[in-house]
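Reassemble the complex: the two chains are provided individually, in unrelated frames, and hints are given to aid placement.
Residues per chain, in single letters:
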Amino acid sequence: MDRRNFLRAAVKSIIAAAAAGVAAVAAYFMYPANVRARQLIYCECMDEDSLPKHGVKRAEYRFELKGKEMTAAVYLVNHEGTLYALSPVCSHLGCLVNYNRHTDVFICPCHGGKYDTAGEVISGPPPAPLARLPMKVENGRVYIGVMLPAVAA
Amino acid sequence: MGRAFDWLDKKFHIKAPHKRFLKRRLPEGLSYFYCLGGAAFTSYVILFITGLLLSQYYIPSEMEAFESIVKIQREVHLGWLIRGVHKWSATLLIIFILCHTLRVFISRAYKSPKELNWIVGCLTLVLVFASGFTGYLLPWDQKAYWATTVGTSMAATMPVAGRHLMYLIRGGMDVSGATLIRFYSFHVLWLPVTMAALLWAHFHMIKRQGIKGGL
Ligand code: FES
Numbered sequence: 067m068d069r070r071n072f073l074r075a076a077v078k079s080i081i082a083a084a085a086a087g088v089a090a091v092a093a094y095f096m097y098p099a100n101v102r103a104r105q106l107i108y109c110e111c112m113d114e115d116s117l118p119k120h121g122v123k124r125a126e127y128r129f130e131l132k133g134k135e136m137t138a139a140v141y142l143v144n145h146e147g148t149l150y151a152l153s154p155v156c157s158h159l160g161c162l163v164n165y166n167r168h169t170d171v172f173i174c175p176c177h178g179g180k181y182d183t184a185g186e187v188i189s190g191p192p193p194a195p196l197a198r199l200p201m202k203v204e205n206g207r208v209y210i211g212v213m214l215p216a217v218a219a
Numbered sequence: 651m652g653r654a655f656d657w658l659d660k661k662f663h664i665k666a667p668h669k670r671f672l673k674r675r676l677p678e679g680l681s682y683f684y685c686l687g688g689a690a691f692t693s694y695v696i697l698f699i700t701g702l703l704l705s706q707y708y709i710p711s712e713m714e715a716f717e718s719i720v721k722i723q724r725e726v727h728l729g730w731l732i733r734g735v736h737k738w739s740a741t742l743l744i745i746f747i748l749c750h751t752l753r754v755f756i757s758r759a760y761k762s763p764k765e766l767n768w769i770v771g772c773l774t775l776v777l778v779f780a781s782g783f784t785g786y787l788l789p790w791d792q793k794a795y796w797a798t799t800v801g802t803s804m805a806a807t808m809p810v811a812g813r814h815l816m817y818l819i820r821g822g823m824d825v826s827g828a829t830l831i832r833f834y835s836f837h838v839l840w841l842p843v844t845m846a847a848l849l850w851a852h853f854h855m856i857k858r859q860g861i862k863g864g865l
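Keeping their order, the protein sequence lines are chains A and B.
All residue numbers for the first sequence refer to this note's numbering, where the first residue is 67 and numbers rise by one.
All residue numbers for the second sequence refer to this note's numbering, where the first residue is 651 and numbers rise by one.
Just chain B, same shape as in the assembly (with noise of 0.2 Å):
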């Protein structure tokens, strides 16, 4: 593993700038509230690997979506394992995610010269409640069915041009088969692309300002 790794390095030259990262002294007064963000990222790759997998057994169609879930809870090898962890760490994602801004907001993390950090870390809250919200409807059930009128139904109370802001996210009037297969697009797609690349750029971030004030 090493010498492989160490092969591909010479043409990379990635591992000496983190070997710096890695191996530097952390600030005086860390405490485990600084593991939040830590906690939460790995929340995030266990719903990348587990929804890679789920990914395999999900029909995405108005007349399949949910006979498909049921076949991953009682067919599938260790289906309701999968899903089940997807949609435990989904929950605790949102949990660590915002314990998380909590701290960097108490800690006043968010203040120059990591104001950009700060934002792109709120794109990436907003993105989690938005791969939340979309994950939700794809069971296709009653609850899902439901829960996505309710929810989508609130863009329409925004002034002007908030009826149009419905009809654009329901992909149709009502909620519809058009609704699950935008939304799977968007939960297993739109969202965790764009959440890799703002993810990658808040690291990029910490590596160059580090954890409490500048390196």
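Just chain A, with the same shape it has in the complex (with noise of 0.2 Å):
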């Protein structure tokens, strides 16, 4: 190699790397700086004696998120005596689900998949079950776990 070609050759690989880094320098700027891994928080829910004595009920939860209070909702289900809560977000692509008690399905209202009150699929898109939440009672009271971000210590 003579010593235009080499210094041609140098002269791209140092503009290849600076671009290289910029490129790097601005993904790592935009990658979001509050990225935390997730735990299970358990979330108050309701009274024990409000639990369904058969069938499904609708129930909402509060909790905090980056120190904004939110609700979320859940569906707890007695089916034949065992008791589950589901989790209303579709297995599909997130949209929340919709009980109908006519019917006794869960409807997705995006694109109409179906779901039985064990939350299995009936028909539509899902590829997958509705998820069950773990649930504990203590004091009388239901708590749902869900997986939050972990609070900064």
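No lab work stands behind these hints: they were computed from the structure.
Since this is a predicted model, take the numbers as computed values, not measurements.
Don't take each hint at face value.
What the hints assert, rightly or not - SDA-like, lysine to any residue: derived pairs with alpha carbons at most 20 Å apart: (1) Lys721(B) to Pro98(A); (2) Lys669(B) to Ala75(A); (3) Lys132(A) to Glu725(B); (4) Lys78(A) to His668(B); (5) Lys134(A) to Met713(B); (6) Lys78(A) to Lys673(B); (7) Lys665(B) to Ile81(A); (8) Lys665(B) to Arg74(A); (9) Lys669(B) to Asn71(A).
Stated by the list, open to error - With beta-carbon atoms standing in for the labels, derived distance ranges: (10) Leu766(B) to Ala86(A): 35 to 41 Å; (11) Ala90(A) to Arg724(B): 18 to 24 Å; (12) Gly860(B) to Ala76(A): 28 to 34 Å.
Glycine residues also receive a C-beta, built at the ideal position from the N, C-alpha and C atoms.
Okay, structure coming up:
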């Protein structure tokens, strides 16, 4: 390689390295700074007495996110004596499903996915059943477990 | 890289004319003073890139502008660096473009046939000042607020329609949230786009007319 070609290659690589550096800094700058691991947090939901004796009941629970009070819905189901909490988040693309009392199914408003009260898919695009959320009862209060961003220590 | 570019060039035919321009012999008697324009343009490019990045986090609202700047400084990854680079290249751009103007003036490069390029350059100079002025308000702190109050009130000293011109610039009777949005829009949209067009014309004319005298 003669001197001319060497210099040409050197200049090109310096420019390429500088461009790559700028791109890396830009990507790092744009990457959100508040990404934290999620952890299971139990949120107070209702009185033990208000749990459904049979069938489906919609309930809400409160939690704090970035210092803001938020509410989210959950479906509590009593299916022949077994009690569980179903997340209303559709497994297809994440819309919130509604419970239809007359047909006894969960219907997703976005693409018409249908789930039965066990959360299993009846029809439509959803690839998986509705998620069951962990729940626990303490001192007569029902708590729902959700994955929330860990609170900074 | 080379091959991909050649494929594009088959459609654009941009390589040959630029090669001729980039590989031409430079006239005698050039010095580093002829690099000042290039230095100013480099500052413009850096401002453009860091500005694109800052706009990802800056919020041009009365209530949130200052807070978003604090967030950029404290929380955003390398936010202090990007904002610092933006601020310092703005200062450098002003210095370089003034020196460049001075060089053109001293070497009498504004004379025919390059008078139009001198005019385009002067317009760019005005827009650079406007960018600095509008950008100064965006941190939305006391200094920014009062600098803009004073700066815009100068418009009111113009005879006949001065007061109305000032209201027009402020987007209201006083400097307010409306002024902030107005200045933000000028700073990130109107001015950079207009400057890009002017710079294209500036460089196009240099290619056609040469650095010293005609080609
Ligand atoms: S998101 Fe529920 S069906 Fe598509």
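Hint by hint, here is what the structure shows:
1. Lys721(B) to Pro98(A): 12 Å, holds
2. Lys669(B) to Ala75(A): Given pair Lys669(B), Ala75(A) holds - Cα atoms ~17 Å apart, limit 20 Å.
3. Lys132(A) to Glu725(B): 14 Å, holds
4. Lys78(A) to His668(B): Roughly 18 Å between the alpha carbons, so the hint for Lys78(A) and His668(B) holds.
5. Lys134(A) to Met713(B): 18 Å, holds
6. Lys78(A) to Lys673(B): This hinted pair holds, its Cα atoms lying about 16 Å apart.
7. Lys665(B) to Ile81(A): Holds. Lys665(B) to Ile81(A) sits at ~19 Å (cutoff 20 Å).
8. Lys665(B) to Arg74(A): 17 Å, holds
9. Lys669(B) to Asn71(A): 17 Å, holds
10. Leu766(B) to Ala86(A): 35 to 41 Å: At 39 Å between Cβs, range holds.
11. Ala90(A) to Arg724(B): 18 to 24 Å: 22 Å Cβ-Cβ, so the 18 to 24 Å window holds.
12. Gly860(B) to Ala76(A): 28 to 34 Å: 29 Å, holds
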